[in-house]
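With chain E fixed as given, assemble chain D onto it according to the hints.
Chain residues, written in single-letter form:
2 protein chains.
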Amino acid sequence: MPTTPHIEKHFTATAIVRDAVIGMSDGLTVPFALAAGLSAAVSSTDVIVTAGFAEIAAGAIAMGLGGFLAAKTDAQHYESEAAREGKEIDHMREHEILEIELLLRGYGLEGDPLKSVVGAISTDRERWIDFMMRFELGLEKPDPRRALTSAITIGGAYVLGGLVPLLPYMATENIRSALFVSVLTTGGALLCFGAAKGHFTGVSPIKAAFQTLLVGGLAAAAAFGLAHALA
Amino acid sequence: MPTTPHIEKHFTATAIVRDAVIGMSDGLTVPFALAAGLSAAVSSTDVIVTAGFAEIAAGAIAMGLGGFLAAKTDAQHYESEAAREGKEIDHMREHEILEIELLLRGYGLEGDPLKSVVGAISTDRERWIDFMMRFELGLEKPDPRRALTSAITIGGAYVLGGLVPLLPYMATENIRSALFVSVLTTGGALLCFGAAKGHFTGVSPIKAAFQTLLVGGLAAAAAFGLAHALA
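Taken in order, these protein sequences are the chains called E and D. Residue numbering for the first sequence follows this note's numbering, starting at 432 and increasing by one per position. Residue numbering for the second sequence follows this note's numbering, starting at 432 and increasing by one per position.
The hints are simulated quantities; they were obtained by calculation from the structure and are not laboratory data.
Same chains, same label: a pair holds when it works inside one copy or across any pair of copies.
When the alpha-carbon atoms are kept at most 27 Å apart in a straight line, the in silico BS3-like pairs for lysine-lysine are as follows:
hint	residue 1	residue 2
1	Lys-503	Lys-638
2	Lys-546	Lys-518
3	Lys-503	Lys-572
4	Lys-503	Lys-518
5	Lys-638	Lys-572
6	Lys-518	Lys-638
The following block holds chain E by itself, in its conformation from the complex:
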């Protein structure tokens, strides 16, 4: 029976790739843009490195916890919606049966087959709730291990991404050289990460690489422009 592992594989890969994409894209662009912006405002690479590491620590923890809280919120949301569906089944049984019929008519069911399906679903309360959650609300039962995996993936991806633009500022005291090398290495990283993202999500890697470079570059340029204007 290949159905269940099939489902799990799809889900887990998509969610982890999505988390890593979000974490990496912010880790590559935010510390990069911050360092570039400060390059115009301060005279020492020490301040830039300190600010960069403070940002990486704060960003990784905030994004990791943000991912953790979002996953927890999803789980709580699922539970409260399932409880509400259960109450509706207990107290508005006829109305909920009409809802199942409406949903199944959308798939071309009529007459006796419709009646037997509705009968089969509505004989088991748990099964009925599961059916309404999936079909009416489009909600999957969340995986309890998901919240922690999501937190670690987002936080770790943010740290890895954030080190790329900062390393040049640690290697030299010359701010302009560091900025130049940071632009080149971050640009390369955005291309690689975009291609990987395309590969994992079934989009053309070349198209995805240049799209990621374009948006990452635009975000950094806009942030640099604002910081420069304020300095």
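Just chain D now, kept in the frame of chain E:
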């Protein structure tokens, strides 16, 4: 027929709340932790304000674009999976029919009713793909306007959240006073935002408020500690 608007209402509210929660929680904690960390490393509030604004601009754009790309990736993922299901229906028809039967047996269908449901679903190719996407893969057809709404919600929430901890550093030149006021106002904002999050997601507002303050405070404290150690 209340079914369709019912679905839309649930989805839109959940997705926007989730986006706003992610944007606000990062906007409140990252610029706050960065400003607090720099308070230990520099002697002028000007550098802190410049770094803070550079971070807000970079973070809002990166998170907004991150949200936009993630939603676009979801849409492309849906399309490529739907194309694959279509191919499987065309070339492995018997295998796909066995998959529908397996899924429906999970809801208690057997014998003739099962046969008529499978017959009804498999007569229309589009309906069959939609059924497999929802049931086998748990994927909803993404809303095309979702990507832009998500980008604006996350970016806007980040800017609003980020201004809260930075305002005290703009109001005074005294770094310690600014840090003190920033801790108080950001703490208050985390409580309010946590309570609002609880209200929207059906969790107890008081529990959600203190949970958000706790994790926001921990994230900021850890980032502050690292920045302090590096300075």
